[in-house]
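Participant: Okay, here's what each chain looks like letter by letter:
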Amino acid sequence: MHTGKAHKSGLRVVTSHSSLWGRFLQGDRHAFAEIYDAHIDDLFHYGMHFCQDKERVKDCLQDLFQDLWTSRTHLSPDIQHVRYYLISSLRRRLLRALRKDRRCQHRDSWEAFEFEYTLPLENQLIQQETLEAQKRLLQEGLASLTRRQREAIYLRFFQNLNYEEVADVMSMQVDSVYNTISKAISILRKNISLPLLLLLLSK
Amino acid sequence: MATSNYLSYTAREFAMDEGFQEWVLHPERGNVFWETWLRQHPEKNTVIQDARQLVHSIKFRSYTLSGTEKEQLWDAVWNGLGEEEQPATHITAATPWWKQTGKYAAALLLGVLLTTAWWWQFRSPQPVIVSVHTRLGETKKMTLPDSSEVTLNANSRLLYSASPGGKREVWLDGEAFFHVKHTPAHQKFIVHTYDNLNVEVLGTQFNVNNSGKEIVVVLQQGSILLNIGAPADGKTAALYLHPGEMVRYNKLDSDYTKKSVIADNYTSWHTGRLVMDDFTLSDAAAFMQQVFGKTLIVSDTQLLSYKVSGSMPVIYNPDTMMTQLGKVFRMQFNQRGDEVWIRKK
Chain B
1 MHTGKAHKSG
11 LRVVTSHSSL
21 WGRFLQGDRH
31 AFAEIYDAHI
41 DDLFHYGMHF
51 CQDKERVKDC
61 LQDLFQDLWT
71 SRTHLSPDIQ
81 HVRYYLISSL
91 RRRLLRALRK
101 DRRCQHRDSW
111 EAFEFEYTLP
121 LENQLIQQET
131 LEAQKRLLQE
141 GLASLTRRQR
151 EAIYLRFFQN
161 LNYEEVADVM
171 SMQVDSVYNT
181 ISKAISILRK
191 NISLPLLLLL
201 LSK
Chain Y
1 MATSNYLSYT
11 AREFAMDEGF
21 QEWVLHPERG
31 NVFWETWLRQ
41 HPEKNTVIQD
51 ARQLVHSIKF
61 RSYTLSGTEK
71 EQLWDAVWNG
81 LGEEEQPATH
91 ITAATPWWKQ
101 TGKYAAALLL
111 GVLLTTAWWW
121 QFRSPQPVIV
131 SVHTRLGETK
141 KMTLPDSSEV
151 TLNANSRLLY
161 SASPGGKREV
171 WLDGEAFFHV
181 KHTPAHQKFI
191 VHTYDNLNVE
201 VLGTQFNVNN
211 SGKEIVVVLQ
221 QGSILLNIGA
231 PADGKTAALY
241 LHPGEMVRYN
251 KLDSDYTKKS
261 VIADNYTSWH
271 TGRLVMDDFT
281 LSDAAAFMQQ
291 VFGKTLIVSD
301 TQLLSYKVSG
311 SMPVIYNPDT
321 MMTQLGKVFR
331 MQFNQRGDEV
341 WIRKK
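Here the protein sequences come in this chain order: B and Y.
Counted from 1, the first sequence has number 77 at position 77 by the numbering used here; the numbering is strictly sequential.
Counted from 1, the second sequence has number 268 at position 268 by the numbering used here; the numbering is strictly sequential.
Simulated from the structure, these hints should not be mistaken for laboratory data.
No residue lacks a Cβ here, since even glycine has one placed at the ideal position from N, Cα and C.
Keep in mind that a hint or two might mislead.
Stated by the list, open to error - Covered, in the sense of this in silico footprint (three residues per stretch, anywhere, with C-beta under 8 Å from a C-beta of chain Y), are these stretches of chain B:
#1 39-50
#2 64-75
#3 154-162
#4 180-190
Model the full assembly from the supplied sequences, consistent with the hints where possible.
Facilitator: Structure below.
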C-alpha cells in the first residue's frame with residue numbers, strides 16, 4: 001500500500017493497527033483506550049442489528065473489552081485485523097446471551113440487518129416520492145433474503161470484512177457468502193438501477 | 001489482480017469484486033489500481049458508475065451510542081478491571097528488609113551500570129526522519145514513529161523529524177489533518193509551514209492547509225498555540241486556539257483573522273467526505289485546484305458565488321468528482337486538458 005514506498009527508502013512508517021495492537025499486548029492502557037475508541041461504534045452498530053436490545057448489547061460489549069484486557073497475554077501478536085477478531089468475539093457472546101434468553105430475538109416491526117436505502121450521492125436533489133417508491137421496491141426484493149444472508153451482506157459492506165472473514169465469522173462456506181452477495185446485488189440491480197439511471201439521465 | 005478480464009465485466013461482476021467494493025466503499029484509502037484502470041479505459045465509465053451505484057445502495061439503518069454512553073461504558077469496563085489489577089504489587093514484604101539489602105544493592109549497581117551503558121550508546125541520539133509526499137488526486141494516511149496519525153491531502157509534502165526525548169517537528173507543504181498523540185515525556189509537536197507561522201501542540205486533532213495564498217489552521221479537539229511572525233523583526237504573536245476555531249493567515253501581508261467555524265467542514269476530507277455547508281462554486285474551484293491541479297474557468301463570474309449544502313464522498317478521480325460536482329451545482333463542466341470550463345445548464 002502507500003507505506004511501501006517509504007519503507008523502500010529506509011524510512012520507518014508504521015502501519016497504525018499492528019503497532020497499536022502490539023502496544024496493547026504489552027499492557028499499554030492508552031493503546032487499549034484507542035482500540036476501544038476505534039471500534040466501539042461499529043461493534044455497537046453490529047450488536048444492535050443483531051438483537052436490538054441495547055442493554056444486552058452494552059453488557060456484552062463490557063464483557064468483551066474486559067476479557068480482551070485480562071486475556072491479552074494469551075492473544076496472538078499476529079492479529080492483523082482487530083475488527084474481525086472483535087466482531088467474531090462479540091457474535092459468540094451475543095449468541096450465548098440470546099440462547100439463555102430468547103425474549104429479544106423476535107421483535108415486531110424489526111428485521112435483523114435491515115437494509116436502508118439512502119440517496120446515492122447524498123446530495124439531496126432526488127425527489128422524496130421517487131425515493132420512497134424505490135425504497136419500497138428494494139425492501140420487497142430484499143425480503144426474500146434470510147436473516148443469515150442479510151448478516152453476511154452487512155458484514156461485507158458495512159463492517160468491511162472480506163469474503164473469507166465473513167465466511168469464518170458465520171461458519172459458512174466462502175462460496176455461499178459469494179452467492180448470497182451475488183443474489184443481493186441481482187435484487188438491487190433489478191429494483192433500483194433502472195429507475196435511478198433514468199432519473200439521473202433526465203436531469 | 002488480473003487486469004485483462006475486467007474488460008468483459010458487467011456492472012454486476014464489478015460490484016461483486018472485493019477490490020472494487022473496497023475502492024467504492026473506502027475512497028479515502030485512494031485505490032491506485034482502479035483509478036488507473038478507469039483512466040486507461042474511459043469507455044467503461046458508464047459500467048463503472050453503474051456498479052458503483054449498486055455497491056453504494058447497500059446501506060444499513062444506523063444505531064449510535066452517545067458520547068456520554070460511550071464514556072460510561074468505558075468506565076464500566078475500567079472499573080470492572082480495577083479489582084483484579086491492584087493486588088499484584090506488594091508480594092515480597094514478608095522478609096525483613098536487612099536480609100534483602102545485599103540483593104537490592106547488587107540489583108541497584110547492575111541497574112546503574114546498564115543505564116550508563118545505555119546512556120553512552122545513545123548519548124548523541126540520531127533523529128528519526130520521515131518524509132512522505134502525495135501526488136495530485138492521491139491522499140495518504142500514515143502513523144508517524146511517535147504514533148501520531150497524519151492524513152496527507154493531495155499534492156502535499158511532509159517532513160517529520162524527532163530526536164528521542166526532544167521535540168517532534170514537521171514541515172508541511174500542502175494540507176494535512178493531524179491527530180497528535182500526547183507522549184509521557186510531554187514532547188512538543190511543532191508544525192512548520194515554510195512561512196512565518198507555526199503550530200505548537202502536545203496532543204490534539206487539527207487541520208493545516210498550506211496549499212494556497214493563505215495558511216488555514218482549524219482546531220477540532222484539544223488546544224494549540226500558533227506562533228505568528230518572524231522572530232527577526234521582533235513582531236511575533238502567540239495565539240491560543242480552542243476547538244472549532246480557525247485562523248486564516250495571509251502569506252502576502254502576514255495579516256491574520258480568527259473566527260469560530262464548524263470544524264468538520266474543514267476536516268472532513270480526511271475521512272473521505274466533502275462536507276458542503278454554503279459551499280460556493282469558488283470553494284469547489286479551490287478544491288479541484290488543490291486536489292487535482294485543475295483550473296476551473298467560468299463564463300460568468302457571478303456563478304462563482306452559487307452555493308450548495310450537503311455532503312458527498314471525495315473520490316480521487318478528477319472525472320468522477322467533476323461529474324458529481326456538476327450534478328450538485330446543476331452546471332455543465334467541460335474539460336479541456338487541465339482546464340475545466342463551466343456553463344450554466
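Participant: Against each hint, give a clear statement of whether it holds in the structure.
Facilitator: Hints, one by one, checked against the model:
no., hint, result
1, 39-50, "holds (count 6)"
2, 64-75, "holds (count 4)"
3, 154-162, "holds (count 6)"
4, 180-190, "holds (count 7)"
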